[in-house]
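Sequence lines, in order, name chains A and B. Everything in the first sequence is counted per full-length UniProt numbering, starting at 1 for the first residue and increasing by one. Everything in the second sequence is counted per full-length UniProt numbering, starting at 1 for the first residue and increasing by one.
Hint data in this document are derived by calculation from the structure and do not stem from the laboratory. Take the hints with a grain of salt, since some may be wrong.
Said to hold, decoys possible - In silico lysine-lysine, DSS-like type, Cα no more than 30 Å apart, as pairs:
#  : chain 1 : residue 1 : chain 2 : residue 2
1  : A       : 131       : A       : 215
2  : A       : 130       : A       : 271
3  : A       : 82        : B       : 152
4  : A       : 322       : A       : 237
5  : B       : 61        : A       : 176
6  : A       : 271       : B       : 61
7  : A       : 176       : B       : 152
8  : A       : 131       : A       : 237
9  : A       : 322       : B       : 61
10 : A       : 215       : A       : 82
11 : A       : 237       : A       : 215
12 : B       : 211       : A       : 215
Only a predicted model underlies this, so the values are computations on that prediction, with no experimental measurement involved.
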Amino acid sequence: MSTDTTKSPQAAPVVPPAGTASVKQRPAHGHGRLLTRRDRITLGLMAGVPTILHVALVWLTALASIALAFTSWDGIGFDSIKWVGLHNYTELFTNNPQFWPAVEHNVIWFVVLIVLPTPFGLFLAVQLDKKIRFSRVYQTAFFLPVVMSLAVIGFVWQLVYNPDTGLINSLIGANKPGHYIDWIGDPDLNLWAILVAASWRHAGYMMILYLAGLKSVDPSLREASALDGANEWQTFKNVIFPTLRPTNTVVLVVTIIEALRAFDLVFVFNKGAQGTELLSILVTNNIIGESSRIGYGSAIAVVLLVISLAVIIPYLIATFRKERRA
Amino acid sequence: MSTVSAPVKQRTPIRPARILLHTFLVVTALAWLAPLLWALLAAMRPYAETSEKGYVSWPDKLSLDNFTDAFQQSDMLHYFGNTLIIAVPAVLLTLLLSSMVAFYVSRFDFRLNLALLLVFTAGNLLPQQVIITPLYRLYLLIDLPGITMSGKLYDSALGLVLIHVAFQSGFCAFVLSNYMRSLPHELTEAALVDGASVWRLYWQIVLPLCKPAMAALATLLSIWIYNDFFWAIVLISTGENMPITSALSNLSGQYFTDPNLVAAGALLTAIPTLIVYFVLQRQFVSGLTLGANKG
Chain A
1 MSTDTTKSPQ AAPVVPPAGT ASVKQRPAHG HGRLLTRRDR ITLGLMAGVP
51 TILHVALVWL TALASIALAF TSWDGIGFDS IKWVGLHNYT ELFTNNPQFW
101 PAVEHNVIWF VVLIVLPTPF GLFLAVQLDK KIRFSRVYQT AFFLPVVMSL
151 AVIGFVWQLV YNPDTGLINS LIGANKPGHY IDWIGDPDLN LWAILVAASW
201 RHAGYMMILY LAGLKSVDPS LREASALDGA NEWQTFKNVI FPTLRPTNTV
251 VLVVTIIEAL RAFDLVFVFN KGAQGTELLS ILVTNNIIGE SSRIGYGSAI
301 AVVLLVISLA VIIPYLIATF RKERRA
Chain B
1 MSTVSAPVKQ RTPIRPARIL LHTFLVVTAL AWLAPLLWAL LAAMRPYAET
51 SEKGYVSWPD KLSLDNFTDA FQQSDMLHYF GNTLIIAVPA VLLTLLLSSM
101 VAFYVSRFDF RLNLALLLVF TAGNLLPQQV IITPLYRLYL LIDLPGITMS
151 GKLYDSALGL VLIHVAFQSG FCAFVLSNYM RSLPHELTEA ALVDGASVWR
201 LYWQIVLPLC KPAMAALATL LSIWIYNDFF WAIVLISTGE NMPITSALSN
251 LSGQYFTDPN LVAAGALLTA IPTLIVYFVL QRQFVSGLTL GANKG
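So here's chain A without its partners, still in its complex pose (with noise of 0.2 Å):
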């Protein structure tokens, strides 16, 4: 095949022609004019199957899910499908004793992570970042949590609260009939024990993201207000900080988002019995429980949908623009 340069670049098979439009008005950038046919259809296929394969997994399904909320289905063929439109809206809004304090309960799980964990990873990360002795060593301590799995903490954590055997009320003497702490039965407690443990974790893997972008703050900047003669909290609170901003705003969306995803935790805990229900375990609860219910389980998915895509839209868009405009 010879290298045809004057073929329309509308054979591309796959490619939109929005696409290969932007390649005639600034040929400068793309490859686009060198190309033959073959070529043509290699780059329809590396973009295309794995656009397809995403696209058909990840976004069909999540319209399905949408679509499927305004249905009610036993999932036992495809006839039994009933339109019943708002009515799995207004049933979870008004009438399930479970949704709103899972609402709430993934609500304070943001807040604790992005109260508690988030500025002690700063912290944490500001003093190793100051080329001190050792500071792998503390580093691989504080982020060991992050490499192992949620369900392995979840055990590990387990040992530590159990009310017979576990660490904490063998300690405090609380392991005796009658003076039992139940942290993991307890609805008042079990949240915050799980918490305890999601915070343990968390706080490693934003140390590490913010020693990534500490990192990338200009060494000049800080020499130049310790010539001003401020001191380290000055310089952190009106230098460095600000400076951190594109990572905050990484850290920010991190945490919603592990705030609105957090499940394996609480499944091994407890399979989110009382005191800690959570979205995403009521979703899965009206799949791999025995009852099958589709459409209502779809519409707390939705709602899930709905938040995570109110975070992410906006956080993409300013980066992708921020990205082009470099």
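With the hints as your guide, set chain B onto chain A.
For chain B alone, kept in the frame of chain A given last:
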């Protein structure tokens, strides 16, 4: 002597503030490791001893018996095998597909670039539960007689590989396209002028230059996929077919009958990730921050 400040900064004299800082860090680091050390201690003590003396007591005997018992009784090797069958193809396929997308958007199309990356990245950030209900139904509907053991996409390793690839390729495409954009444009331009095909461009020129980013992503993906709990809990119904992380919760009821065995089983499950982390720490951390910093 123009660089006076540099040597001064490096040879910081021992100051009380530094000692305080190190004390703080040592204490905090130990507190951070405490839950793991507690699990390790429980796992190394015989159940008989701890049930008699209580868990907060001086250990008389430390051994690895609980580890070998947990490993053999529950046939953990089988579940590690399940994980391997899922994780290896998933990591390789994710890297292949996402690098192809990244190659396309970073080298050939700048208008579509944004839209495509937006779709991929946003998809990766969604909570899994948003899509699980239709996905579960879809997996039950797709019949694959003779291809998977279950005859369906549901309850098969193939199904898990596909969802891992679809989900994770978002993040990887984003990171890799940023990386590829930093490669000089003349490089591929020149090869194209010389008549190299697009595939050769990708396979022989661009991919080898992306090795550092690919290594970082491979480390990250291996740990993430190994650690996955949710997909397998929902999309696998037969306990036998579960990868190790998700099997843990079944095993703990069936075989790990006392807290010491649970501790041993959980720690055994964590060992592969810890090895990967200690050996490839730099890759792991750089992979994590590669995506976050650019984003």
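Task: Hint check against the structure, violated hint numbers in rising order - done: 2, 6, 7, 9 and 10
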